[in-house]
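Asker: Assemble the whole structure, with the sequences as input and the hints as a guide.
Below are the chains, spelled out letter by letter.
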Amino acid sequence: MRQQRSPLAEPGTAGDAEVIARSRHDPEAFAALFTRHAPALKRYVVRRLGVEAAEDVVAETFTAAFRQRGTYDLTRADARPWLYGIATNLIGRHRRSEISLYRALSRTGADPVVEPFTDRVEGRVAAAEVRGRLAAALAGLPAGHRDALLLVAWGEFSYEDAARSLGVAVGTVRSRVFRARKKLRRALGEVDPTATSEEYGRG
Amino acid sequence: MDEMELLTRLRDEVPRDLDVRAEEARLRSAMTAAAGGGARRLPRWRLGVALVGAFGLAAAGFAVLRDGEPAVKPPLTAAAVLEDVALVAEKSDMPDIRPDQWIYMKEGQPVPELPVYESWTRMDGKLAAIRKPGGELKISEAEKGPANPGKTQAELERLPDDPDRLLAHIRTLAPRAGSICQPNCPPGTEDDVNAFGTIQWYLKFGPIIPPEKAAAMFRALGRIPNVRIEENVDAGFGRKGLGVVLDLGKAGKGYTILDPVDYDYLGWKAVRDGTEFAMPVLATALVDEAGQVP
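Note that the protein sequences, when read in sequence, are chains X and Y. Take the first sequence: its letters are residues 467 to 669, numbered as in my numbering. Take the second sequence: its letters are residues 1169 to 1462, numbered as in my numbering.
A couple of the hints might just be wrong.
Stretch-level coverage of chain Y by chain X, calculated; a stretch enters the list once three of its residues show a Cβ under 8 Å from a Cβ in chain X [stated by the list, open to error]:
| # | region |
| --- | --- |
| 1 | 1180-1187 |
| 2 | 1192-1199 |
| 3 | 1296-1302 |
Hints were generated in silico from the structure; no laboratory data involved. Virtual Cβ for every residue (Gly too), placed ideally from N, Cα, C.
Answerer: Written out as structure tokens, the structure is:
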């Protein structure tokens, strides 16, 4: 699973808005946007839906983005909020599958999403406990709260960019993330995350 | 370690260098289709054909000359000025649009080093053409996205004639215009900003806007709070226009710029944090062939 050098285009230095504006004349210029953002977007989608569903979501995100490029808000140099917004809508169609993957992790301690990428499927018991509780909490969040939380946590979005992405006010994102974090804390409450932090993630 | 850090580490094992070749191939086929694989090219001799009467239509949507008078005189209240614009729009004449006609647009680009963009889309929504930077006309299948003028025409025809109902309807549509203050608009103004932007987006399609819809859009603009009029607004390419401005103070200002004489749409700009961002529209017309210009 190594990424090949893109045959489409070299990553440019121009801003995303410029690439999109250029692609109106020259559709193939849009490839630069793919080269720039596809790997990170795919990682984000894989983390939510697993590797199988991710291929469709990523391909459809870029194809939809390409078709909608005429309506892109060119005042925005960074296209990530737009791309992740499209992806979030597509992820929403797989909601049941996303939730069942969190539940599987919570139930068994083994994560089907990361299995293809790790040799060891079982981590330390304490770390697996933390992961299971986080996954159960994620499964129980309202979809809009999960979208906001994961754009911030996994997409590394600012609240402003997450708001652009989801088409809601910044205050809405702030309150959704706040409430989601509270639920995560509550779910973790019965284990002591501090005691497991050194082991966590090394499984 | 708090819950956010723990969450950040969840599924962190997913690698950063995932294979994206399959996705790339799928995008590539969509792009190839758009770039006109097997595109039909117009014979060169047609390119320069002057358009017959073409541009009686230049202003057909809502442009009637006003005997050389200045279009507006102070005091300029937005509602009064836009009522005036609406009356002009209402009285204008619009011939039937044939599905084999093309809508031509000539636009400036937001990035100064990019050339002026000329495009034609057939009104049946099936074919589109652009003038490539070298001057070559490229015709291909039209893309099916929301910017397809065939869809736009149908949307325009469905708009309510009543400005209040039109505004209510526009507020339900997904935003599609350039942003003014998003996502940091003053609380309570978000719907106004979207409505202002969407009406502006439709105004670009001047020649295919039915007169009563154009009139309703102008009246609706006049009913959006914080909209005012500014004269002698720089519309780019040496032009000055009548600015219909959504003024949100420090959060930003959005301009819909109209020709001061015939009220043709000249483009838009947004000013935010001292930075100006403009999308000038240099011409729009309904023509009979791709490659024709008014």
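Asker: Does each hint fit the structure? Answer for all of them.
Answerer: Comparing the hints with the structure gives:
no.: 1; hint: 1180-1187; verdict: holds (count 8)
no.: 2; hint: 1192-1199; verdict: holds (count 6)
no.: 3; hint: 1296-1302; verdict: holds (count 3)
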